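Listed in order, the protein sequences are those of chains F and H. Sequential numbering from 22 applies to the first sequence in our numbering. Sequential numbering from 22 applies to the second sequence in our numbering.
Treat the hints as calculated values from the structure; they're not laboratory data. Mixed in with the good hints, there may be bad ones.
Each pair may be met inside one copy or between any two copies, as identical chains are not told apart.
Restricting the straight-line Cα-Cα distance to at most 27 Å, the calculated cross-link-like pairs of lysine-lysine (DSS-like) are [as the list claims (entries may be wrong)]: (1) K80 x K45; (2) K45 x K168; (3) K113 x K74; (4) K148 x K45.
Model, not experiment: these values are computed from the prediction.
There are 2 protein chains.
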Amino acid sequence: MKFAPAAVIAFAAGICANAFAQHKPEAVIHYRQSAMTLIGWNFGPMSAMVKGKHEWDAKDFALRAERLAALAPQIEEGFAKGSDKGAETDAKPEIWKNPEDFQAKVNDLVNESKALSDVARSGDEAKMKEQFKKLAGACGSCHDKYKAD
Amino acid sequence: MKFAPAAVIAFAAGICANAFAQHKPEAVIHYRQSAMTLIGWNFGPMSAMVKGKHEWDAKDFALRAERLAALAPQIEEGFAKGSDKGAETDAKPEIWKNPEDFQAKVNDLVNESKALSDVARSGDEAKMKEQFKKLAGACGSCHDKYKAD
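Please work from the sequences and hints to get the whole structure.
Next comes the structure, spelled out in C-alpha cells:
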C-alpha cells in the first residue's frame, strides 16, 4: 500500500463495526448510496472537463478533487458487514465474500483520489488529467467486479 | 464573517450556478439529501458521545469532526436556485426567498464545523464538547426556520 491515511487505519481498527452497531442494514445502504451520490456529483463536472465537454477550470477541478479525497475514505463504513442486503442495492454479495480484495480496491480509490487532490494543487492541467484517469480507473475496476449493471 | 474558506468563496463566485446548469432540480434535491445523510451519519455518533450515551473516543470524534468540516461547504450546491421543487423535500420555499439569511446560516455551519475540526485536533474533551454544541446550534437554528417538520 502506497499510502494509509488515518481514516483508513481508524476504519480497519473498528470504526466500521462501531458505526454499524448503531445502524440497521438499510441505513448503512442508504449511507453508502449517499456517499456515492456525492462522489458522482463532484466526479461528473471533472470528467466533463477532462473530456473537453466543459471548459477547463483548474480551480473548480481542484476544489472537487479535494472533496473526492475527503469522501473516498468515507465509503468504507457504507460496506459494513451485514449490509449486503436490507434495501435495494447495486452492491454485489461478492463484496462480503472477498473482503480483502474489496478493501484493496477501496484503498486504491483512497490513494488515487488523494494523489489527484495533491496534483490538483499544482495546477498542472496535463498531470491533473492524467491522474484523473487513474482515479476513474480505480472506480471502474471496482464497479466492474462488485457493482450490478 | 469569522472565516471564509476557499470553497465558500468559490461557491459564491458561481460554482452553484455552474453545477446546477448540469443538473435537474430533482438531482440537486437528491444531492442535498445525500449530503445531509452523510452529515447526520457522522453527527450521530458524536452527539451520542457528547451526551454520554456512547463511550468517549477522541480519535473517532476528531475523524468525524474533520469529515463534517469537509461536508459542510458541500451543502451549498444542494440549494441551487430552482431546486425548491422537483422532488419530495423538507426544504422550505423560504430558503429561496431569503437567500442572504440562508447563506448566513450556511456560513455559520461552515464556520462552526471548521472550528470543531480545529479544536478536535487538540484532543481537549471539554472544548470539543463545547464546540460541538455550537455546531449543533448552527444546525438547529437553520432547521427551525428552513426545514419542514
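Structure-based check of all given hints:
1. K80 x K45: Between copies only: 24 Å across chains, 39 Å inside a chain, cut-off 27 Å.
2. K45 x K168: Both, since 21 Å and 25 Å are each at most 27 Å.
3. K113 x K74: neither (32 Å within a copy, 34 Å between copies)
4. K148 x K45: neither (42 Å within a copy, 31 Å between copies)
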